[in-house]
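Novice: Below are the chains, spelled out letter by letter.
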Amino acid sequence: MDFLSFFIICVKVLLVFAGTLLAVLIMVYAERRVSAFMQGRLGPNRVGPQGLLQPIADGIKFLMKEDIIPDGVNKPIYLLAPVIMLIPALMTFAVIPFGSTITLFDRDIILQVADVNIGILYILALTSIGVYGIVLAGWASNSKYTLIGGLRSSAQLISYELALGLSVVSIILMSGSLRLNDIVADQQGHLLSWYVFKQPLAFLIFLIATYAETNRLPFDLAEAEQELVGGYHTEYSSMKFAMFFMSEYANMITAAALTVTLFFGGWDVPLLDEKSLGIWGAMLSVASFILKMGFFLFLFIWIRWTFPRFRYDQLMKLGWKVLLPLSLINIFITGGYLTLAALK
Amino acid sequence: MSLSFLFYLTATIAVASAIFVVLNRNAVYSAILLVLCFFALAVLYLLLEAYFLAVLEVFIYAGAIMVLFLFAIMLLNLGHEDALPKFMYLQRALSVLMVALFFFGIILIMLHEPGVLHQPGDTFSAGGIHVLGEALFSKYLLPFEVASLLLLVALIGTVYLAKRKI
Amino acid sequence: MATIIKSYEPTFWDKLYIPALVKGLMVTIKHFFRRKVTIQYPDEYHIPPEGYRGLHRLNKFPEGRIKCVACEMCSAACPADCIHIIPGPSPWDEGNERYPVRFDIDLLRCIFCGFCEMACPEEAIELTEIYDFSDYTREDLIIDKDGLLEVFELTKDQKYYSRKNDSQEPQK
Chain P
1 MDFLSFFIIC VKVLLVFAGT LLAVLIMVYA ERRVSAFMQG RLGPNRVGPQ GLLQPIADGI
61 KFLMKEDIIP DGVNKPIYLL APVIMLIPAL MTFAVIPFGS TITLFDRDII LQVADVNIGI
121 LYILALTSIG VYGIVLAGWA SNSKYTLIGG LRSSAQLISY ELALGLSVVS IILMSGSLRL
181 NDIVADQQGH LLSWYVFKQP LAFLIFLIAT YAETNRLPFD LAEAEQELVG GYHTEYSSMK
241 FAMFFMSEYA NMITAAALTV TLFFGGWDVP LLDEKSLGIW GAMLSVASFI LKMGFFLFLF
301 IWIRWTFPRF RYDQLMKLGW KVLLPLSLIN IFITGGYLTL AALK
Chain R
1 MSLSFLFYLT ATIAVASAIF VVLNRNAVYS AILLVLCFFA LAVLYLLLEA YFLAVLEVFI
61 YAGAIMVLFL FAIMLLNLGH EDALPKFMYL QRALSVLMVA LFFFGIILIM LHEPGVLHQP
121 GDTFSAGGIH VLGEALFSKY LLPFEVASLL LLVALIGTVY LAKRKI
Chain W
1 MATIIKSYEP TFWDKLYIPA LVKGLMVTIK HFFRRKVTIQ YPDEYHIPPE GYRGLHRLNK
61 FPEGRIKCVA CEMCSAACPA DCIHIIPGPS PWDEGNERYP VRFDIDLLRC IFCGFCEMAC
121 PEEAIELTEI YDFSDYTRED LIIDKDGLLE VFELTKDQKY YSRKNDSQEP QK
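Chains as they are written, first to last, in the working numbering: chain P, 1 to 344; chain R, 1 to 166; chain W, 1 to 172.
Note that these hints are calculated values from the structure, not bench results.
One should not assume that every hint holds.
[Claimed, not checked] Calculated cross-link-like contacts (lysine to any residue; reagent style SDA-like; alpha-carbon spacing at most 20 Å):
1) Lys30/W x Phe295/P
2) Lys198/P x Pro218/P
3) Lys36/W x His46/W
4) Lys23/W x Phe295/P
5) Lys23/W x Leu299/P
[Stated by the list, open to error] Chain W is nowhere near these chain P residues, computed Cβ spacing over 10 Å in every case:
6) Gly40
7) Val113
8) Met174
9) Gly230
10) Gly278
11) Ile303
12) Thr306
[Said to hold, decoys possible] Some chain P residues close to chain W (C-beta under 8 Å, calculated; not the full set):
13) Met38
14) Phe307
15) Phe310
16) Arg311
17) Tyr312
18) Leu315
If you're wondering where the values come from, they're calculated on a predicted model, not measured in any experiment.
Here a beta-carbon is modelled for each residue, glycine too, at the ideal position from N, C-alpha and C.
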């Protein structure tokens, strides 16, 4: 590996890392602002123009707050849990292709940190690691609320991971590859080649499971404020709480990016050949990716203020008795169709 | 050079964490150390360029099975060390016997057929799922089916234990 | 005769839930674009409705004499016992002979019931629309005669807050 490609990789890593953190900040701001708008309020608009600097003020507040370690906690695990949660959340974005290729210094640069041939499994594996943060935080805090919150959310994550994974399987069957770049390449061309139109059921299951995976309403039983105070992070304060907060938002951003990549053609601009337009095509593809991702992030907030929370048994029933069989049926149908198509 | 350094590092972590899983008397710590061990194994798989296996190791063992383990440990609240019986002679004797057999087997293989351990292992080194899938459904079909049958038996047993009357 | 209430049988379309969910989403997005009801307080002031019971004032005659005759009806009527009056001879030649030398209202005790206003035979004490009076010490929240007269000057025209709103910079 020569110096230039090493440099390029470093730049890409920095870009994606900074981009994710920036997106987290914007999302924190947007969450409060959009929530307010949907309730007929204005939301934070005092810090900076239109309140845009509010997340920075929040961040400073988190840093300055007293870092409380309650009595009776299991200290090493209590300290470890936020880290376990944050690191996978920030790592997942590495395999998501956020644009087409740029040709710079006589070489093609893929707009993606790591072009792994098992990209989608990598994301699923890392999200399943994030569960540890929740379980351990709930257990180590030595409080009944956190324990219940931790158990609830991990049970929920494990149940919905199945439906999530199985709905992705049908996409893998269609594209014949686990590499996210191949999946995006398979959706190029006209609008109908996007997988939403080919796999609408898989998309619905994936979307619902995503909300459960990110612990968002209507599946936020893990932090149901009315019954559990704050869920698994009740006993956390200051920067450690901020780490949980950030990883939740980072997970949402990854989930939105993954939805776009799997079902909405990734960075694809319909009816346009990005590669023929050179650097402008690449810029356009990145813009289209961000736009689509922004819509799904907005949808997170939108749905939060529309649907009430599920009861726990309803949640489990939906996961195991509706989504799981549906995704299995979907796999059978997809597999059967592909076999028939191959026979012809 | 850096790769071999990485190998020794992860191998050390894997072995050390595995030893501490056994030595630690706090069940939760043991579980976390076991997860660490799985991660080290996954890195070893990565070094062998078996990406698929590495991710599966993390996904299934660390991500799914160990979480359930941790669940059970937390719900049973095995934090009290005194509650565990101190001397389990039969189990101890059995485990020593098993480990001894295992080591004996490995040493036997190393002495008689040293080539086996140094094979490049074409099945996995390609890293592709196609190769792995083909191997599973042709060469290793019988073990694969037997394993799935075993899992089915376990599943039925669990249902039976959890729900006495259906 | 018993009435049989037929429960609604959900159709297949209902059981899909998706149309209902989309309908719900439409409701929330409609609110997203609605006019916002927030009043950004220090920049703009809420104008209370007529009859609002806020800060007290002591009324004066157009020529400047205080209407109050220090009869102490208001302090007798006060359920919170927050009005303290010391009467004395009036300094003016014409009009009433009595007049309050001191007239103190403890705003922290006052419950803003408006009984003083009703009890007053001279229409001298009145509650105004001012709602934003706060201070840092208990002593500063005991308003005296001069303060009450000052409030009268501020609220003579019943337009205290609309005047304040007009003097603000227009909102961005």
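Novice: Determine for every hint whether it applies to the structure shown.
Specialist: Consistency of the hints with the structure:
1. Distance hint between Lys30/W and Phe295/P is fulfilled; the C-alpha atoms sit about 17 Å from each other, no more than 20 Å.
2. The hinted pair formed by Lys198/P and Pro218/P fails the criterion: a straight-line CA distance of about 27 Å is larger than 20 Å.
3. Straight-line distance between C-alpha atoms of Lys36/W and His46/W comes to about 14 Å, which keeps the hinted pair within the 20 Å bound.
4. Using a Cα cut-off of 20 Å, the hinted pair Lys23/W and Phe295/P holds, with the two alpha carbons roughly 18 Å apart.
5. Distance check on the hinted pair: Lys23/W and Leu299/P sit about 14 Å apart at the alpha-carbon level, within 20 Å; holds.
6. Its closest Cβ contact with chain W, about 5 Å, brings Gly40/P to no more than 10 Å, contrary to its assignment away from the interface.
7. A cut-off of 10 Å between C-beta atoms confirms that Val113/P is not in contact with chain W; the least separation is 34 Å.
8. For Met174/P, the shortest C-beta to C-beta distance to chain W comes to about 23 Å, beyond the 10 Å cut-off, and the non-interface label holds.
9. Every CB of chain W lies more than 10 Å from the CB of Gly230/P, the least distance being 25 Å, so the non-interface label holds.
10. Under the 10 Å C-beta cut-off, the non-interface status given to Gly278/P relative to chain W holds; the minimum distance is some 38 Å.
11. Not every Cβ of chain W is farther than 10 Å from the Cβ of Ile303/P; the closest lies at roughly 7 Å, contradicting the non-interface assignment.
12. With 10 Å as the threshold on Cβ separation, the claim that Thr306/P sits away from chain W is violated: the shortest Cβ distance comes to roughly 5 Å.
13. Proximity of Met38/P to chain W holds as hinted, the smallest CB-CB distance being about 5 Å (cut-off 8 Å).
14. Interface restraint check for Phe307/P: the shortest CB-CB distance to chain W comes to about 7 Å, inside 8 Å, so the restraint holds.
15. Below 8 Å, beta-carbon pairs count as interface contacts, and Phe310/P has none with chain W, the closest being about 12 Å; its hint is therefore violated.
16. The interface hint given for Arg311/P is violated, since its Cβ lies 16 Å from the closest Cβ of chain W, which is over the 8 Å cut-off.
17. Checking Tyr312/P against chain W: minimum C-beta separation of about 19 Å lies over 8 Å; hint violated.
18. About 15 Å separates the beta-carbon of Leu315/P from the nearest beta-carbon of chain W, more than 8 Å, and the hint is not met.
The structure fails hints 2, 6, 11, 12, 15, 16, 17 and 18 (numbered hints given earlier, in ascending order).
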